[in-house]
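> The primary structure of each chain is shown beneath.
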Amino acid sequence: MSDVLVELRGIVKTYHMGKEVVVPALQGVDLDISSGESVAIMGPSGSGKSTLMNVIGCLDVPDAGTYKLAGTEVGTLDDDALAAIRNKRIGFVFQTFNLLPRLNALENVELPLVYGGDGHRRRERALESLRLVGLGDRTNHRPSEMSGGQQQRVAIARALLNDPSLILADEPTGNLDSRSSAEILQIFQRLNDEGRTIVMVTHEPDVAEHTKRIVRMRDGRVHHDEPVAHRRRAEDELAAATVALATVGRARAATT
Amino acid sequence: MKFTDSFREGLRSIAVNKLRSSLTMLGVIIGVAAVIAMVAVGTGASKQVQDAILSLGSNLITITPRAMTTDTLRGAGSQSMNLTLEDMNAIRSQLGDQVLAIEAEQNAGAWQLTASGTNWNSRVTGVTTDYPIVRDWPVASGVFFGDDEIRIYQQVAVIGSVTAQKLFGDAEPVGQTLQLRQAFGGGSRASSARIISFKIVGVLEAKGATFGFNRDDQVLVPTTTAQRVLTGRTSSVNSIVIKATSADAMQQATRDVNEVLLSRHRIADPENADFTIQNQNDTLNALSSVSQTFTLLLGSIGGISLLVGGIGIMNIMLVSVSERTREIGIRKAVGGRRRDILSQFLIEAITLTGTGGVLGILLGWAITLAVKQIQQGIPIAITPGTVAVAVGVSVAIGIIFGLYPAMRASRLHPIEALRYE
Numbered sequence: 001m002s003d004v005l006v007e008l009r010g011i012v013k014t015y016h017m018g019k020e021v022v023v024p025a026l027q028g029v030d031l032d033i034s035s036g037e038s039v040a041i042m043g044p045s046g047s048g049k050s051t052l053m054n055v056i057g058c059l060d061v062p063d064a065g066t067y068k069l070a071g072t073e074v075g076t077l078d079d080d081a082l083a084a085i086r087n088k089r090i091g092f093v094f095q096t097f098n099l100l101p102r103l104n105a106l107e108n109v110e111l112p113l114v115y116g117g118d119g120h121r122r123r124e125r126a127l128e129s130l131r132l133v134g135l136g137d138r139t140n141h142r143p144s145e146m147s148g149g150q151q152q153r154v155a156i157a158r159a160l161l162n163d164p165s166l167i168l169a170d171e172p173t174g175n176l177d178s179r180s181s182a183e184i185l186q187i188f189q190r191l192n193d194e195g196r197t198i199v200m201v202t203h204e205p206d207v208a209e210h211t212k213r214i215v216r217m218r219d220g221r222v223h224h225d226e227p228v229a230h231r232r233r234a235e236d237e238l239a240a241a242t243v244a245l246a247t248v249g250r251a252r253a254a255t256t
Numbered sequence: 257m258k259f260t261d262s263f264r265e266g267l268r269s270i271a272v273n274k275l276r277s278s279l280t281m282l283g284v285i286i287g288v289a290a291v292i293a294m295v296a297v298g299t300g301a302s303k304q305v306q307d308a309i310l311s312l313g314s315n316l317i318t319i320t321p322r323a324m325t326t327d328t329l330r331g332a333g334s335q336s337m338n339l340t341l342e343d344m345n346a347i348r349s350q351l352g353d354q355v356l357a358i359e360a361e362q363n364a365g366a367w368q369l370t371a372s373g374t375n376w377n378s379r380v381t382g383v384t385t386d387y388p389i390v391r392d393w394p395v396a397s398g399v400f401f402g403d404d405e406i407r408i409y410q411q412v413a414v415i416g417s418v419t420a421q422k423l424f425g426d427a428e429p430v431g432q433t434l435q436l437r438q439a440f441g442g443g444s445r446a447s448s449a450r451i452i453s454f455k456i457v458g459v460l461e462a463k464g465a466t467f468g469f470n471r472d473d474q475v476l477v478p479t480t481t482a483q484r485v486l487t488g489r490t491s492s493v494n495s496i497v498i499k500a501t502s503a504d505a506m507q508q509a510t511r512d513v514n515e516v517l518l519s520r521h522r523i524a525d526p527e528n529a530d531f532t533i534q535n536q537n538d539t540l541n542a543l544s545s546v547s548q549t550f551t552l553l554l555g556s557i558g559g560i561s562l563l564v565g566g567i568g569i570m571n572i573m574l575v576s577v578s579e580r581t582r583e584i585g586i587r588k589a590v591g592g593r594r595r596d597i598l599s600q601f602l603i604e605a606i607t608l609t610g611t612g613g614v615l616g617i618l619l620g621w622a623i624t625l626a627v628k629q630i631q632q633g634i635p636i637a638i639t640p641g642t643v644a645v646a647v648g649v650s651v652a653i654g655i656i657f658g659l660y661p662a663m664r665a666s667r668l669h670p671i672e673a674l675r676y677e
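These protein sequence lines are chains A and B, in that order. Take the first sequence: its letter number 211 is residue 211 in the numbering used here, and every next letter is one higher. Count along the second sequence from 1, add 256, and you get the number used in the numbering used here.
To be clear, the hints were calculated from the coordinates, so they are not data collected in a lab. Be careful, since some hints might not be right.
Non-contacting residues of chain B with respect to chain A, defined by C-beta distances greater than 12 Å in every case (computed) [to be verified]:
{"#": "1", "residue": "R407"}
{"#": "2", "residue": "I451"}
{"#": "3", "residue": "N494"}
{"#": "4", "residue": "Q600"}
Partner residues aside, some chain A positions facing chain B, computed with beta carbon under 8 Å [claimed, not checked]:
{"#": "5", "residue": "T72"}
{"#": "6", "residue": "E73"}
{"#": "7", "residue": "F92"}
{"#": "8", "residue": "R158"}
Every residue gets a Cβ at the ideal spot worked out from N, C-alpha and C, and that includes glycine.
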């Protein structure tokens, strides 16, 4: 728990929309995330939480401040080096899943290995990753042939493929019903239990309570940073939902 | 990203938009087919022209009297009558080894031929002994007349294969008698019908038609006979034809012939020469430069359609890039580098144009075959060079016109690409 994985100091990021409008998305963020943590970043829209996520994920570089990922200064790296970090050290999960519609589940999961250089055992590793999220039997389905929950699980399998040190999820349950959300959160919790670091952006408090620590953003700064007092377990909720369903089913059976 | 991955991606995205891809490809297909077919037809036509010239004999230097045009004297009547058999003999003796063979010709015009009760019209030309060597045209049966027949202007004839067929059918013409009647033009005494008998001594090999007229339909007689018996132009000949020993010897031979004739005709200033010397190689060069220009012209018409096809490729690749902005963002998010994206789109464009190129070659080949069917006898050939150039050009067009869209794709910012709706 002690090694610092993400170390942000005085991160500033300003967006220019056209010539006139200047959006100060991040105005000096200091944040440390240790290896093995599970963090939720919360905040109203426009608070800079998505920008922070993009900076942590090396999709964007800050205008000022320093960002060290596992001790490596990231701000000075060029595009190709950033791409390599995204490929090897970071796994992304997006709200809209962001799977390639033309590829089937297996090919979508393989994608990081296409760019990872190591083509060895590509297929087997992708299959293994799909099994980890419980989709070992859905390899040939295209995204359009799967439910939202399944698509998000494929996206998680893709994120896991190169065994990254950091998994970033941007509103991963935003487009899902509550049961699918619970399934996804269960996977994240399991991954965290196995020692992976998970950072999740969400605006739903009950989703955030599945993590161990909540960072609240406001006006481009960290406003509040506290551990979760009572961490919710997704598997309990799933079990409860199953029981509830069964109860409803029995009640229906009784009435008829 | 490995080449095979890029290639597979390229094929996949082509397969997804089948109609669009094939319409795009059509531009390249038509362009390549046009280049292939037009160049093939162009080279074929120029080869045909060359063959036709060479079929008149190779390494030839032709001397004709210069037309002396004055205010009152024009056309055939203006031709000076100053080339003689003595000129021919002088050239032969003075040029020596440079001359492989030499002959002098005198047109005797068109005559009506009668033999074994059959009529036919044909051209009659007076030629000398070396004719079969100069024109690369041996006799198929019988013999060609020699110096003795020429000296005593004997009435002997060698006839073309078509003439023989028309007059004698399948019977053997050699040894038969041929009667010439003045048909029209030609001689000076055309008013009264004259009948002149010739003995047929040989039949020429068949050569086929050249430049639209059949050269196998003719009668050859000794030049002296043509002069004295048929035309009455007792001293002059229409042309002297020299066959040089080699193509390399032709320049020198041409110069030497010029000197011999200038001194024989006592002309000090070459500008005033009363004869014209035509070097066959010069004619060939002039014609081949004409046909090269022609082929180039045809090829550039094809090239323009190829260019238009290339612009189509660029257009469709730009559409493809903006349609797949999100895909590019996803690829970048999972670690795709600029060059990965660049090569993916470039290979996609090259796959489009390369496939179009191959199909275009097949179409061009089909067109060439069709032209060959319609225009028989044209030696049309698709050379491996043309095919290589066509494939190379279509791949190059993929690179040139695919590069800009691919660069635009590779330079997209991952965040903006991911947000793109």
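> Give a verdict on every hint.
We went through each hint and held it up to the structure:
Every CB of chain A lies more than 12 Å from the CB of R407 of chain B, the least distance being 92 Å, so the non-interface label holds. Taking the minimum C-beta to C-beta distance to chain A, about 92 Å, the non-interface status of I451 of chain B holds against the 12 Å cut. Distance to chain A confirms N494 of chain B as a non-interface residue, since its nearest Cβ pair spans about 79 Å, more than 12 Å. Not every CB of chain A lies more than 12 Å from the CB of Q600 of chain B, the least distance being 10 Å, so the non-interface label is violated.
Against a cut-off of 8 Å between C-beta atoms, the interface hint on T72 of chain A is violated, since the closest Cβ of chain B lies about 16 Å away. The restraint placing E73 of chain A at the interface with chain B is violated, with a minimum CB-CB distance near 19 Å, outside the 8 Å limit. Using the Cβ-Cβ criterion of 8 Å, the hint placing F92 of chain A at the interface with chain B is satisfied: the shortest such distance is roughly 5 Å. Given the 8 Å rule on beta carbons, the hint for R158 of chain A holds: about 7 Å separates it from the nearest Cβ of chain B.
Going through the hint list in order, the structure does not satisfy hints 4, 5, 6.
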